[in-house]
Amino acid sequence: DAGITQSPRYKITETGRQVTLMCHQTWSHSYMFWYRQDLGHGLRLIYYSAAADITDKGEVPDGYVVSRSKTENFPLTLESATRSQTSVYFCASSESDRGNTEAFFGQGTRLTVV
Amino acid sequence: TQLLEQSPQFLSIQEGENLTVYCNSSSVFSSLQWYRQEPGEGPVLLVTVVTGGEVKKLKRLTFQFGDARKDSSLHITAAQPGDTGLYLCAGGSGSARQLTFGSGTQLTVLP
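Line by line, the protein sequences give chains A and B. Per this note's numbering, numbering through the first sequence is continuous, rising by one, with the last residue being 114. Per this note's numbering, numbering through the second sequence is continuous, rising by one, with the last residue being 111.
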């Protein structure tokens, strides 16, 4: 199906473990984003990508790594998970970088670090 | 850092009532978007306003961008249970990576 899909939907991991969240989009959008959503903070940008092999930090990048070898995939890796990284993670894509462009979000991954 | 404050944070009303949600900032934005997020889903765009004073209507929803482009409101007329969800405003400042999200208003419409 066309759209943007995230996997897994739910993940529980232990402190110190590496975990990768997957994001796949079928629109061939150039721009992709990773956000985390926490109560009281809304959505905060972790990393974004303007194209394959082009990534840059957002507001809260510490402890996260991204890659984008193919336009359609944008995985997010927590190198050594901490409890403060317990959150709901959303991947999004858009066809342009204009501030008023529509962002299309995945269904989210709920990550719990114990 | 640009901040967007939404109020109220929580709102529970009966079906048929009217309501208004506010999104305020001390910063000027080039555009303002409203998203709705249902439980277990990602946000979905409702509307984008780009001109100060602009009013857009989407069925029973009316969106307004403040004259100074620092604030916005969402008014729902005759709310229905299907309107239940988290409403997020997001201010744009030139590029998509600079989108600033408010913390959201959780709306519950009781039948």
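Calculated directly from the structure, the hints in this document are not laboratory data. Keep in mind that a hint or two might mislead.
If the Cβ cut is set under 7 Å, some of the chain A residues that face chain B in the computed set are [what the hints assert, rightly or not]: (1) 10; (2) 42; (3) 48; (4) 86; (5) 90; (6) 97; (7) 100; (8) 101; (9) 106; (10) 108.
Sample of chain A residues with no beta-carbon within 12 Å of chain B, all distances over it, derived [to be verified]: (11) 37; (12) 41; (13) 68; (14) 85.
Beta carbons: idealized from backbone N, C-alpha and C, even for Gly.
Do the numbers back the hint for residue 10 of chain A, that is, is its least Cβ distance to chain B under 7 Å? 10 Å, violated
So, residue 86 of chain A near chain B? Judge it on the closest CB pair being under 7 Å. 17 Å, violated
Checking hints one by one. Is residue 97 of chain A an interface residue toward chain B, by the C-beta closer than 7 Å rule? Because about 5 Å separates residue 97 of chain A from the closest Cβ in chain B, which is inside the 7 Å limit, the hint holds.
Restraint satisfaction for residue 90 of chain A [CB to CB of chain B, less than 7 Å]: 5 Å, holds
Tell me if residue 48 of chain A is really an interface residue toward chain B, meaning its C-beta lies closer than 7 Å to one of theirs. Nearest chain B Cβ about 5 Å off; hint holds.
Mind checking the CB of residue 42 of chain A against every CB in chain B and telling me if the closest is under 7 Å? Because about 4 Å separates residue 42 of chain A from the closest Cβ in chain B, which is inside the 7 Å limit, the hint holds.
Verify the interface restraint on residue 108 of chain A: the C-beta must sit less than 7 Å from at least one C-beta of chain B. Given a least distance of 6 Å, the restraint on residue 108 of chain A holds.
Take a quick look at residue 85 of chain A and tell me if its Cβ sits farther than 12 Å from every Cβ on chain B, holds or violated. Consistent with the label, residue 85 of chain A stays out of reach of chain B, its closest Cβ about 19 Å off (over 12 Å).
Can residue 101 of chain A be said to touch chain B, with a Cβ gap under 7 Å? 6 Å, holds
Minimum Cβ separation between residue 68 of chain A and chain B greater than 12 Å? 14 Å, holds
Classify the hint on residue 100 of chain A as holds or violated, based on whether any CB of chain B lies nearer than 7 Å to its CB. 4 Å, holds
Hey, does the residue 106 of chain A contact hint survive, CB to chain B under 7 Å? Result: holds, 5 Å to nearest chain B Cβ.
In terms of the numbered hints stated before, the structure departs from hints 1, 4, 11, 12, listed from lowest to highest.
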